[in-house]
Amino acid sequence: MLAIELIAQGLIQGSIYALVALGLTLVYGLLRILHVAHAALFTLGGYVGVLVCNASGNLPLGFFCAALVSGLGGVVMFRLAYQPLLNQPPYVALIASIGLFIASEEAFRIIFGAQGMSFNTPSLEQQFSIGGLQFKLAELLVMLSTAAIIGVLAFLQSRTRVGIACQATVSDPQMAQSFGISLRQVRDINFFVGSALAGFAGVWVALLNNLVEPTMGSVPSYKALAIIVLGGLGSVPGTLTAALLLGVIEAFGTIYLGGILDRNAIAFAFLIAVLMVRPQGLFARS
Amino acid sequence: MNNTASGAPLLKVDHVTVRFGGLTAVDDVSFDVHEGDLLGLIGPNGAGKTTLMRSIIGVVNPTEGKVSLGGESLNGLPIHQRIQRGMSLSQQLVKPLRDISMRDNVALAAASEKTLSPLRALLNVSTERELAVAQYELERVGIASMASQSPSTQPLGVLKRLELARALALKPRLLLLDEPLAGLNSQEAHALAGTIAEINQQGLTIVLIEHNLGEVMRICQRLVVLDNGKKIGDGAPRVVMADPAVRAAYLGGDVLGAAAAEGQPTVEAHHA
Amino acid sequence: MNYEISLLTTMAIAVMFALSLNLITGFCGQISLGHATFQGVGAYTAAMLGKAGWPFLATLPVAMVLAGLLGVIVGLASLRVRADFLAITTMGVGFLFVGIVRQQEFLGGELGISSIPDHGLGRLGFMALALVMCVGVAALSMYIKRSWMGRVFNGIAEDEDTMRVLGIDVPRYKLAAFAMGTALAGMSGAFYTYHLNFIGAESFGFVESITVLSMVVFGGIGSVPGVIIAAALLSVLPAWFQVIGDYKLLVYGGLLFLMMRFSPSGMAGLAMRLSTTKLLPKEGRS
Numbered sequence: 001m002l003a004i005e006l007i008a009q010g011l012i013q014g015s016i017y018a019l020v021a022l023g024l025t026l027v028y029g030l031l032r033i034l035h036v037a038h039a040a041l042f043t044l045g046g047y048v049g050v051l052v053c054n055a056s057g058n059l060p061l062g063f064f065c066a067a068l069v070s071g072l073g074g075v076v077m078f079r080l081a082y083q084p085l086l087n088q089p090p091y092v093a094l095i096a097s098i099g100l101f102i103a104s105e106e107a108f109r110i111i112f113g114a115q116g117m118s119f120n121t122p123s124l125e126q127q128f129s130i131g132g133l134q135f136k137l138a139e140l141l142v143m144l145s146t147a148a149i150i151g152v153l154a155f156l157q158s159r160t161r162v163g164i165a166c167q168a169t170v171s172d173p174q175m176a177q178s179f180g181i182s183l184r185q186v187r188d189i190n191f192f193v194g195s196a197l198a199g200f201a202g203v204w205v206a207l208l209n210n211l212v213e214p215t216m217g218s219v220p221s222y223k224a225l226a227i228i229v230l231g232g233l234g235s236v237p238g239t240l241t242a243a244l245l246l247g248v249i250e251a252f253g254t255i256y257l258g259g260i261l262d263r264n265a266i267a268f269a270f271l272i273a274v275l276m277v278r279p280q281g282l283f284a285r286s
Numbered sequence: 001m002n003n004t005a006s007g008a009p010l011l012k013v014d015h016v017t018v019r020f021g022g023l024t025a026v027d028d029v030s031f032d033v034h035e036g037d038l039l040g041l042i043g044p045n046g047a048g049k050t051t052l053m054r055s056i057i058g059v060v061n062p063t064e065g066k067v068s069l070g071g072e073s074l075n076g077l078p079i080h081q082r083i084q085r086g087m088s089l090s091q092q093l094v095k096p097l098r099d100i101s102m103r104d105n106v107a108l109a110a111a112s113e114k115t116l117s118p119l120r121a122l123l124n125v126s127t128e129r130e131l132a133v134a135q136y137e138l139e140r141v142g143i144a145s146m147a148s149q150s151p152s153t154q155p156l157g158v159l160k161r162l163e164l165a166r167a168l169a170l171k172p173r174l175l176l177l178d179e180p181l182a183g184l185n186s187q188e189a190h191a192l193a194g195t196i197a198e199i200n201q202q203g204l205t206i207v208l209i210e211h212n213l214g215e216v217m218r219i220c221q222r223l224v225v226l227d228n229g230k231k232i233g234d235g236a237p238r239v240v241m242a243d244p245a246v247r248a249a250y251l252g253g254d255v256l257g258a259a260a261a262e263g264q265p266t267v268e269a270h271h272a
Numbered sequence: 001m002n003y004e005i006s007l008l009t010t011m012a013i014a015v016m017f018a019l020s021l022n023l024i025t026g027f028c029g030q031i032s033l034g035h036a037t038f039q040g041v042g043a044y045t046a047a048m049l050g051k052a053g054w055p056f057l058a059t060l061p062v063a064m065v066l067a068g069l070l071g072v073i074v075g076l077a078s079l080r081v082r083a084d085f086l087a088i089t090t091m092g093v094g095f096l097f098v099g100i101v102r103q104q105e106f107l108g109g110e111l112g113i114s115s116i117p118d119h120g121l122g123r124l125g126f127m128a129l130a131l132v133m134c135v136g137v138a139a140l141s142m143y144i145k146r147s148w149m150g151r152v153f154n155g156i157a158e159d160e161d162t163m164r165v166l167g168i169d170v171p172r173y174k175l176a177a178f179a180m181g182t183a184l185a186g187m188s189g190a191f192y193t194y195h196l197n198f199i200g201a202e203s204f205g206f207v208e209s210i211t212v213l214s215m216v217v218f219g220g221i222g223s224v225p226g227v228i229i230a231a232a233l234l235s236v237l238p239a240w241f242q243v244i245g246d247y248k249l250l251v252y253g254g255l256l257f258l259m260m261r262f263s264p265s266g267m268a269g270l271a272m273r274l275s276t277t278k279l280l281p282k283e284g285r286s
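Respectively, the protein sequence lines represent chains A, B and C.
Going by the numbering used here, the first sequence opens with residue 1, and the numbers climb by one from there.
Going by the numbering used here, the second sequence opens with residue 1, and the numbers climb by one from there.
Going by the numbering used here, the third sequence opens with residue 1, and the numbers climb by one from there.
No wet-lab data here; the hints were simulated from the structure.
Computed Cβ-Cβ distance ranges for the label pairs, DEER-style:
#1 C:Leu-79 to A:Ala-154: 32 to 38 Å
#2 B:Gly-183 to A:Gln-88: 23 to 29 Å
#3 C:Leu-111 to A:Phe-128: 39 to 45 Å
#4 C:Val-72 to B:Lys-171: 29 to 35 Å
#5 A:Pro-90 to C:Trp-54: 38 to 44 Å
#6 A:Pro-60 to C:Lys-51: 53 to 59 Å
#7 B:Asn-228 to A:Tyr-256: 55 to 61 Å
#8 B:Thr-153 to C:Thr-277: 16 to 22 Å
#9 C:Tyr-143 to B:Gly-46: 48 to 54 Å
A few chain B residues that don't get close to chain C, going by computed Cβ distances all over 10 Å:
#10 Leu-23
#11 Ser-30
#12 Gly-65
#13 Lys-66
#14 Tyr-136
#15 Ala-144
#16 Met-146
#17 Leu-159
#18 His-211
#19 Arg-247
Please read these numbers as outputs of a predicted model, since none were measured by experiment.
Quick reminder that beta carbons are idealized off the backbone N, C-alpha and C, glycines included.
Start from the sequences, fold in the hints, and give me the full structure.
Below is the structure:
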């Protein structure tokens with residue numbers, strides 16, 4: 001019984017990780033930038049979601065606005081911070097990203113206060129029982145929506161011109177342009193989609209914890225960095241698998257290894273262990 | 001230089017095969033290089049010449065077979081150790097260090113003894129000897145007048161000579177050149193080929209990959225021809241180029257090159 | 001007077017720490033996102049030995065050796081992975097360190113180690129020693145830069161594949177950089193322990209690692225004077241900006257971002273550009 005509970009917990013947490021990591025892998029695969037500021041878009045989504053939902057009473061609207069605002073925020077970040085720095089060595093964009101990240105967290109704190117905000121009327125709290133396990137509706141939905149989104153993304157990536165072009169820009173920028181889509185458009189799209197996903201994930205976490213606070217983005221984003229390495233850069237299925245796997249391993253690890261490592265360290269212990277055995281990552285493409 | 005002086009070859013490529021997944025890039029190739037040789041490794045595009053050179057240098061490891069330098073096997077050795085054993089490579093894509101002068105670039109190569117280990121490098125500050133060696137090599141390749149300049153503003157012809165000077169500064173027993181004439185116009189190519197021949201006459205063993213058959217015929221004493229990974233010719237240039245198998249391989253691809261090899265007038269030799 | 005002495009000591013420790021990272025990242029081009037770990041190792045070593053009765057000065061070499069040893073291990077691990085994974089691997093090491101230390105009671109667990117015995121040098125004496133060691137590290141850095149080791153490092157940072165073709169044992173040099181940089185970080189950690197009389201695992205986490213990296217990049221990666229000034233300034237930024245108080249992190253993040261955006265080679269780059277523009281009017285432009 002315990003094992004199944006842990007697996008379920010792990011999958012729920014893993015779904016959140018997957019949503020955050022997907023955005024990151026789209027960016028990293030494309031630009032080789034460690035987009036630490038991705039965390040800020042996650043948090044931004046959470047705040048927007050809560051604000052809109054509290055103001056309008058409409059949760060789906062909250063989700064939609066969060067995704068939209070985060071998506072646009074991501075494109076702005078790209079234009080402001082990364083695009084001008086593409087010709088510089090990679091650490092420049094990294095530090096710029098770190099600067100943005102710190103400033104953003106602080107901005108949230110100054111504007112919204114350090115205590116955070118909650119939903120006026122928490123929703124999706126209904127309990128369901130499946131196979132003897134208790135789930136909140138929110139937990140079920142986050143898994144389902146993640147699955148749906150991944151499915152759509154994978155389909156778009158492999159079947160549509162835009163999607164294939166996006167994949168191509170990772171390995172062969174020139175070829176992408178032959179699809180009639182400019183490099184700039186591909187990058188904008190990638191940032192928009194990836195950031196929208198992070199914003200979307202932010203609302204889910206806000207729902208699950210009934211709290212959104214300025215620093216909530218950091219831990220998921222750090223782990224997302226580990227996940228994208230494990231999952232293989234730019235690979236949607238790889239990232240999903242790595243994210244879910246990590247969620248489950250964390251769930252088990254906290255119980256069994258809790259005496260030696262704390263929760264966050266488990267993710268990275270897993271990462272380092274994998275990299276020592278397979279230096280190219282779990283699902284590296286040739 | 002007398003090719004048959006010593007019995008043992010300086011470089012021995014012994015039944016080397018290189019496979020990548022399903023593709024066989026180099027197929028059971030063997031040849032010897034003796035001290036003093038100036039050997040040209042030629043063949044149509046995709047014949048496996050670059051892969052073979054990479055297996056000699058150590059960028060890839062042969063799937064089968066062995067490469068030996070001075071009688072010692074190189075198999076499994078990392079690149080830097082092969083270089084330390086007396087080989088040096090002038091790369092096709094010239095990549096000098098951009099933030100130091102051309103002289104300093106060559107001096108870094110000349111410092112190979114001091115840089116053998118980090119500790120030794122830490123304990124050595126003086127650059128006098130290396131700068132002198134650098135100046136000497138830059139003179140040898142004819143660009144000493146620009147020694148203090150930065151490589152980032154130089155034309156390709158100068159960069160190719162810089163790359164050669166760097167390789168020479170390592171004082172190798174065997175010099176490998178990967179398409180040293182690529183991208184040069186016919187005048188520049190002719191001049192650089194002449195420099196290479198001079199350096200060989202001064203006693204250095206050289207193996208080069210080159211598409212510019214006109215120059216290759218002129219300066220090489222011996223050719224090894226690859227096609228589709230296999231060796232299809234090995235011997236004196238005129239003899240090799242007269243071989244029907246070789247001509248077929250080339251006429252299948254590089255018509256101009258084959259014509260140049262025959263000494264027929266051509267427009268500029270074909271470049272990749 | 002006490003306040004100024006304390007401030008200077010803080011600055012000296014920060015400069016030592018930043019210069020030690022400069023060896024790894026600035027000179028040798030290896031991006032480390034986990035450098036605070038090695039300061040942590042030195043700090044905890046000094047703390048444990050100090051509480052066991054060792055005099056402060058005796059803890060210094062042990063702190064350096066242990067930090068350096070771990071540095072070599074991490075360095076060996078980093079050699080196995082691809083260059084862009086190095087950053088994430090070092091980040092993982094950082095989280096692992098914090099995660100493990102927090103769970104070990106004998107290391108103080110969540111509460112850390114307090115009541116470190118006095119170093120016996122007096123406030124002024126301790127500060128003087130810190131400054132002396134700091135100058136020593138700076139002098140060592142300048143020496144390395146002028147030696148053949150520095151020239152090789154520079155080459156590795158720019159193009160390590162070409163360095164291999166020049167006969168350089170690149171892995172060994174990278175390890176040397178790691179060993180020296182981490183050992184010196186360990187030394188700064190020992191000073192840190194005795195300066196604050198209290199240490200906790202969270203003082204050596206990801207935020208601290210990216211802070212010291214930002215100092216190095218802000219100062220101008222590889223530039224010894226640049227890094228010294230940047231570390232000195234940024235380490236006491238909270239003190240300078242007490243007036244702004246609440247906004248100091250926002251300013252910090254903003255500064256980082258702006259510096260990267262407009263002068264990626266940091267303060268050293270700015271200084272170079274300013275000095276050449278001053279010369280030009282005299283010589284006249286073409």
